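Number of protein chains: 2
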Amino acid sequence: MRERLSVAAYKDGILEGNRFVLSRAITLIESNLERDAVLSRALIAEILPHTGNSLRIGITGVPGVGKSTFIESFGLMLAALGKKIAILAIDPSSQLSRGSILGDKTRMEALAHHPHAYIRPSAAGKSLGGVARKTREAMLLCEAAGFDTIIIETVGVGQSETLVKNMVDFFLLLMLAGAGDELQGIKRGIMEMADAIAINKADADNLQKAKAAASQYKSALHLFPPTPSGWIPKVKTCSAIEQTGIKDIWKMITEFEQHTQIKGFFQHNRQEQNLSWLHETISEQLEQNFYNNPYIKQELKQKEKLVAQGLKDPITMAQELIKGYQKKVVYNNK
Amino acid sequence: MRERLSVAAYKDGILEGNRFVLSRAITLIESNLERDAVLSRALIAEILPHTGNSLRIGITGVPGVGKSTFIESFGLMLAALGKKIAILAIDPSSQLSRGSILGDKTRMEALAHHPHAYIRPSAAGKSLGGVARKTREAMLLCEAAGFDTIIIETVGVGQSETLVKNMVDFFLLLMLAGAGDELQGIKRGIMEMADAIAINKADADNLQKAKAAASQYKSALHLFPPTPSGWIPKVKTCSAIEQTGIKDIWKMITEFEQHTQIKGFFQHNRQEQNLSWLHETISEQLEQNFYNNPYIKQELKQKEKLVAQGLKDPITMAQELIKGYQKKVVYNNK
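Residue numbers (my numbering), protein chains in the order written: chain A, -18 to 315; chain B, -18 to 315.
Chain A on its own, in the form it takes in the complex:
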């Protein structure tokens, strides 16, 4: 990484909307080095008062559903309306390799070159929780840099959707028509998280099938209980290629925003998200300290084996591990 700036320099650059500084700041918060972490925390604390003024939209769907094409159409339409759009991604596969979603910027070439759009590939990291944290902080940096619409993309096959759901205001699930009963690999539970489902590729020969699928999903969603805000999840069809239905989806999202703003749910939801982040971070940190402890590393495997086979009671084993851990922690800190 090139030389770091001072916190003040990062902050000033970001608040001026300088994309070069913004990118460097995101690289900073993505870093796993301890000294970068200290700088990151200071930067986030500084820019925090300048965040929150965007509409945060999560978009998910399995590979092949046309996410990139959709986001490009959607983003260009928003840019034409004068919106400033930042596009980030949470990519479960980035745990293994350098992030792949959005990594290939050429997939959104028109949008990538638009002066009102900013595209940032997914952060890599050892844990999905870590990647989520980095994405959330990148979102805050983008807000401070003046972006008023944040799109967070994820692949609807893992646990990343829950993480995205917990950092956005609106969650859109992209689907295809006629992919059979298997819901195209979407994980159980994701459909119930969606504020709307859009059946993409509703074009040419596929149009009728897409409309039929939409009406099927509509009646299925009707069987679900209402969302906490009282919003009833909508089902739309669209074609990113033919550019149809895209405006309608944006109209729906603005209706959602109004609906939740009036009821106070919009702010309430964000406060709850913030509190969740606090408590989740605490839990993560406590667990990380525990599982990284050398004594636990040594003892855990065998105890897991005994528990899985039903030879030992999980609660007894948990208590033994924690007792041993506490002794070690106190001993090592003396």
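Simulated from the structure, these hints should not be mistaken for lab results.
There could be a bad hint or two in this list.
Sample of chain B residues facing chain A (criterion: CB under 7 Å; computed from the structure) [as the list claims (entries may be wrong)]:
1. I25
2. G33
3. Q252
4. N255
5. L256
6. V288
7. M298
Treat the numbers as computed from the prediction; the structure is a model and nothing was measured.
A virtual CB, placed ideally from N, CA and C, is assigned to each residue, including glycine.
Given chain A, put chain B in place with the hints provided.
For chain B alone, kept in the frame of chain A given last:
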């Protein structure tokens, strides 16, 4: 509580199928006293090799769906087949008052007096996690006492279903027909946990409506992705009052058991459940130690306020709390 027995006396009584001793043992594991906890752990360790030989069935549904009547019909049918049935409950409301589900045994009078059935009201407790632990251990004690079918009842309105789902082999959701779009108060996500839905009260004037509802749910469930075992959730109708459809539900459950046994999923699922219990217990214990610490109790409220209002970054606040906590723990243990 009356005088405690020795671990050996509890164990021998349970293995002989002595219900009086079984009930006293369940009372013991439900106790919140420290010395009872020690005895409980020793007892669970002793009986563990004699557990696991039952089919564990979770049944949920909102109040009014007819759970008690259904379980009584279902239980009597199983008893007639020579099965030995134990019925336990997880009741979220028992956090506040003494458990209410199954508390009124007269609701299942015929079953309660059957020599092959054992009914135990829900345990009370301060936390749902604690109630779940007690229920899980009561289940193990019942298995050691020779019960081959365990039914765990819960109310489908809270978070207790996830806990039940994580301790049973088969999860049945009871529903009513014609209760409108609101899914009768069932929480989002519960439908996706069910291995089957039974539309209860499919009798008299209600029969046609129930059949229509069943076919609606069937096509909705079809849109869901398959369960990890490849089992496609089924939809049935039944009438606990007219005793129709009850045998069919049992037949389906035995089919499920065969399906998952052959594929090795049955055992795999139980091993995963055991490992989950281990890791969940560890997390719970770590969090409990943290949140009960006097320093954290004093600091948390104000930091939560700052985070909710967006004035402070949740991650920074979490780190500050954990750093302070670690200092206190080490200091207090010196």
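Structure-based check of all given hints:
{"no.": "1", "hint": "I25", "result": "holds (5 Å)"}
{"no.": "2", "hint": "G33", "result": "holds (6 Å)"}
{"no.": "3", "hint": "Q252", "result": "holds (4 Å)"}
{"no.": "4", "hint": "N255", "result": "holds (5 Å)"}
{"no.": "5", "hint": "L256", "result": "holds (5 Å)"}
{"no.": "6", "hint": "V288", "result": "holds (5 Å)"}
{"no.": "7", "hint": "M298", "result": "holds (6 Å)"}
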